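Undergrad: Residue strings, one per chain:
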Amino acid sequence: MKIVELKIENFGVLGRHGLDFDPGFQLIYGHNEAGKTTLLALIRQWLFGFDRQNVYSFESHSGKMAAEGVVELHDGRRIEFRRAKKDKAPVHGEFLDDHAPISQETLTQLLGNAHRELYQNIFGFSLTELSAGEESIKNGQIHDALFGAGFGSLSQFQQLKDQLATDHGNLFTERGRTKTINKLVTEIKQQIDSVEAAVVKPRQYARLQEELVEAKRQMDQLGQQRDELSTRCGHLQRLLDAWEPWNERRVLQQQIGNLKLDVHLPRDIDRQFQQSRERCAAAADDLSDIEQDLREITDELTDLQLSPELLKHASELEKLVREVGRIESIRGELPRTQHQAAGLEASVRNTMQELNPSWNASHLGEFQTSLDQRMAIDSMSQERGELSQQQMRLDREHASLAQSLNVDAKKIEQLQVDDRMDRWQSICQWIADYRNQQETVRELEENLEACRLRTESLQSKLEAPFGRSLPSLAQLPIPLEQTVTEYRERFSEMQQHLQRHKEKTERLTADIDSKRSESNQLEAEHQVPDRQQLHGQRARRDAGWQLIRRKYVNQKNVNDEILRWLDEPDQSLPDTFEQEMRLADEIADRRQAQAEAVARQEHLAREIENLERQQRQAQDELTDARQSEKVLTDQWHSLWADCHLQPQSPQAMLDWLHQHTELVDKQSEHSLLVQKVRVVRDKIGDFEDELDEVFPGHDTPIERRLSELQERYQASRDNASQRDVLKARLDEQQESLNQLNLARNALQQQESRWQQLWSELLGQCRFPTDWDDQIAKRVVDGLQRARQQQQEAQDVTQNAAQLSEQLIGFEQGVLAMCHEIASDLSNLLAEQAVVELNRRMDRANQSHQRHEALVDAKKKLAARRQRVETQMADAQSTLAKLLQMAGVDGEDDFFTVAENAEKRRGWSEQVDNLTKQVGMARGPEDANDFEEQLGSGDADDWRRELEEVQRQLADSQHRYEEVVSQHALAQDQLARLDGTSEAARLQTDLESSRAKLAEAVDRWAPFKLASHLLATAIDDFARQHQPAMLHRVESLLSQLTAGRYVRVQRMLDERGTLKISADGQQWLEPAQLSRGTREQLYLAIRLAYIQHYCEKSEPLPIVMDDILVNFDDRRCNETLQVLARLSENWQIIFLTCHEMMVEKVRRILPDAKPIDLATNNLSQPLDTAKATA
Amino acid sequence: MKFIHAADVHIDSPMRGLEKYEGAPVEELRTAPRRSFENIVTLAIETPVDFVIIAGDLFDGPWQDMQTGIWTASQFHRLDQAGIPVFLLQGNHDAESRVPQAITWPNNVKRFATDLPSSFEVDEHNVVLHGQGFAGREAPDDLVPNYPAAVSNKFNIGVLHTSLTGDACHDRYAPTNEASLAAKGYDYWALGHIHIRRVVQEKPLIVFSGNCQGRNIHEAGAKGCYLVSCEAGSSPRLDFHATDQVRWHVAEVRLDADDGREELLRKTNDALRQIEAESDGRLAVARVVLTGASQAYSLLTTIAGREEMTGEICNLANAFGGQIWIEKVKVELSPLIHLDELRKSNDLLGELLRKIDHIRYDEESLQSLSEPLAELEQKAAVELSDAGIELRDHESLLDWLAAAEMMLANRLGSTEA
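Protein sequence lines, in the order shown, are assigned to chains A and B. Following the numbering used here from start to finish, the first sequence increments by one per residue and tops out at 1176. Following the numbering used here from start to finish, the second sequence increments by one per residue and tops out at 638.
No false leads were mixed into what you were given.
With a cut-off of at most 16 Å between alpha-carbon atoms, the simulated EDC-like pairs for lysine to aspartate or glutamate come out as follows:
no., chain 1, residue 1, chain 2, residue 2
1, B, K600, A, E177
2, B, K576, A, D1023
3, B, K375, B, E342
4, B, K241, A, D992
5, B, K600, A, E190
6, A, K89, A, D54
7, A, K507, A, E615
8, B, K565, A, E108
9, A, K182, B, E596
10, A, K67, A, D54
11, A, K1156, A, D25
12, A, K67, A, E12
13, B, K576, A, D1022
For the record, the hints were derived by calculation from the structure and aren't laboratory data. Predicted model only: the values in this text are computed from it and were never measured.
Just chain A, same shape as in the assembly (with noise of 0.2 Å):
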């Protein structure tokens, strides 16, 4: 897809502009700031779609965001559309050719289903994309380095990878210990050991439990036992307290029986006594007080005056009272409610003689007019005056109208359209095809001569092998690459197996030698005898020692053997023994001496023969790789043997193999390219063939033909156009003229009908006929002005007969009570008389309450005195009956009498105490048998029994003690477990670990799927399109460095890291390049990709940012040249701010028109670019 023009309305500083685009290279120059961003942002959402909150929406802005334009796709199908901020359909637009409507839809599938970030990430290019891309491309692997794109930018492929593999390490690792789910796992591991201790098992829990019920039982017995020891100590403790309080009780009650007192007196009765006589004289003298106080009352009501007449009339003086506020205040309202009154009524005369000098009030009654009749004269008005409105705006219109369709009529009889229009226009259509099919034709045959040196060239080079020439180098039954790849693995594993077996031998056999040296010189410097020195020696010392005892201790004959073994025959046994034992000796002390010596040296015997053994294994493998490899070279000339050529080294004939793929890619394409220029020749002829018919002109040169042409058939159709729009434009013009006329006869009839209904108004309302709207509305107005004041004028003037009405009545009523009850102050004004009866009436209330009281007190007084006297009766009775209870007469014989009875109380009490003592001391036990054993038992054998009894209480609750604490341990033990489960409290930990875990598996797991994922995306990808990718990278970077470095490839470790090469010998891995190349190696990757990607989608304008202001010139021009020639096949848009970049451009593509957006090209805005048209 290219961008063939684009209009711009209202996006950031591109308010309404107009840019046509260069389908090849378009250079767009600007400095910062000057809209370049803007600029790839508008293409980015007008193909994709505007952003949801746009930055580039400004309030500025009169009218919404769009964008439209034309692009051509691959096929040469062109559409134009427009896209539209916040329209419910965001995409409204068309094929050129045939007008096929696109909708959102069917953009999307034409853009190959692409979509923005797609966009930004694979067909965008900033230098800061470039920066990282190099700098990650150091160390990237391959994978990475050409996939990577395929992801967007590689930095930031790698950066996730990366991520990926740090998010889901930190959760768990294989070998991990600190990583938070190891660490859970081992936790939760030690905390099931902890339930699991902390569990009290059911046979635990048995076992605790008869426990229990032994300490129980030895409980119950040993208590039971110190409870009768304690019982018993306890009733001997108890006959000891009672003892003394029992025999004191026994005398007092002696004492008692000793007084001889017959009658029963009750406590205190002198007490009684004494009082009954204190309340007989107290009674006395209250009898006299209320004597005197009731004659004191009957003298003062004696002198008290009342007036009965005066409060009889309380309730209607009291009634006077409360109106004497309100009759003031009518008093000093009535004149001006009378005044008020006479007012109104003249401002009705007023009114009437303003409409009317000659009416008066009476008049009203003529001019009656109903609500409807009000309501309907208003709303008649008010339509008069919009009818009127609307016919001035109608006539304003139509004479604007009227001139306006002159004006156009004369314009079109200007504009001239010639008839041939249809066949210029079908020719003008071809022009560019025409021009590109001669472009196409020329760069065909270059391509048909290229094509045919490379083959030539080609073939050349293929014929090394062969030593002659062979024609039908096609056909050659060739071995696959994959296998000669392989076959180039197997030879250079090969040769590395074989160099390391030589290098094994020959390591070996230098240790040997080091340790042969080293065990030389031990040898050298100690003189140690060897270890088979030792052993002959002592085989000979046993041997002569054998021939001893068979001599001397067997009695044998063994003197041949004797003479074999001694050395000289002379010698003797006994003493050669003794010397060769010695000698033996001697080497073992010798030995002994040198122990480290001689383990040295034993160590460096057993690593020789260690080291010679391996030797011998080296060699032989050595022998056995070298078998190998000559298998393996029989095998690989046996490859080639159908073709009949000698094979070179595999790295050799793989390079042959590509340029034989190369030969016969060529060959095809030769006979394509011929294919392609007979067809495009055979369009070139029946184009001019249509245009000399059409457009005939022999002589003249055919471009100058075209171009008469094209301006003629443009001027035509620019007037044709125009004519066009001006018809239209007066077909509706003409149109909207008889509406007018259609609406001012309505508006007409509208009048007539108003004229007629405002006729029967009038006549109803019985107002003259001449009256127009405004007079009428103003005569019913005024009416109903002077109609409301006569009525309030009414309801003053009755409102003040009320207020004098009242005012009698009141001063009639006042003048009646003075008459009957106070005629002095008859003479009074009413409200004065009022005030002063009521002062009267308050004196005599007051008198009257007095006379009440007075009546009141001397009441009680009287009841008073009659309780007195029965008090003082009660009294004198109380005190015959205390003399008679006593049984004497007179006083003294009554208080000798109270004495004796008192003393014996106190006596009775003193025993009742004591026995009370006895029976507490007592306690729970049988009265009867308790006060039996006192009477016949003895306090000291008591005491005796006592002591013993406990020391054995003593004894025995120790031993409960003891055993209660048993029971207690356990029932504590047990006790316990009804507690709060420590080990409910550890399952409970235990789940929260097991929650951890899976909390973080679920995380760990999608950190860990989308590794795998990616990853094994990547291989697939790798899998399928590794060869192709690299080829093509390959392809472009040798472009981009004219040459300089022509194979890239990937190394066989196990990162598979990049390498490249100039001559295919010398192979450099990316971080021993220059930055320059390693940008350079980049871009030629991220350019494969889009050649990838542009096989089977539509390819998208690639726009490049500033891209190489960190070239040197010579890269730049390469590079540049390099874009040029791709932008034949794609669209490049290419952004700048440096003018030198604008010059270089220029020397390369000389036909390229950059845009500058300093200067007038983006900057012109729509509406004057119009004007211009």
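On the provided structure of chain A, position chain B as indicated by the hints.
TA: Below, chain B alone, put in the same frame as chain A:
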């Protein structure tokens, strides 16, 4: 006549899937099954009821701590002192536990035999109860045919621990069906084993009381027992009483496209407030599920970000005065990208997303995803299984795949990344 029908008490069974964190009300949660059972006993005493039926699984199978038995016996003592008998049926979890065999029960506890159906009469109310407990962990056969025929002129209650015709969430035990139960002619079937409260049939009443206390997020909502009242001549009346001490809730917090951190926390807080209102003063355990396509997704893409947000949500819960415990913050958010569009594209990301989509619908490919996870399984198979994590589980693999897909699409398909 009134009685309580309870089942599946699972005393001292631990709550599943709860992480402890600072400020969480650990103790209250741990003792929740005990408090729930206490509430049932208190309800029985205060009502008062004439007897209590426990239709199996008083204890939790693998839990062998005798303290559990002792505590339970103390609760039965309370009922004994109030003169309330308890009819206890042994369920599959009880059979697995040795606690009920080892403990000495008070005299008011009547246990149904496990070899054959046995019956108990409550003379003063003219009631007869029939039941058979589980002798072992397995009960593959229908026990109902052996139950005795209904005793005429008495109110017959059948007590049974059964999976009935089957339930996806529960193993099959003593399978039977409604028709077999109805054919016995009993007046009320008190069933246990299924943890969801349900009246299976009304004539006669066949009732699962459900469990008394939710123990994991799959047991959300009110839990308790039925108080059954029988008046002469009328059908029994069922009144559900919530006895749970802790209530489980799932709170979905749906985020809009422009919602950020503040909105996320505000909406979560609103959801927690709603939960507090629905909990009637109980401790609430909440799973917060964040859903919707939102820019807030970016807050949760890293481990640190997710931990921070989880911490913030726990803090919100703590602000409710220890009344809410966050069980889990489940992230089902998606980033603001159009997966369908990305999937259609011809770039490598499109291929990757199409492959993921294929895996989603192809069981074999889905199962092959467990291979990269196998290293964890080799390391901790038992611990994972005990924690309820199954690395080959279809649903889990789908969830993880979806999360991985979102992660990749968000990072590779977003121009903002």
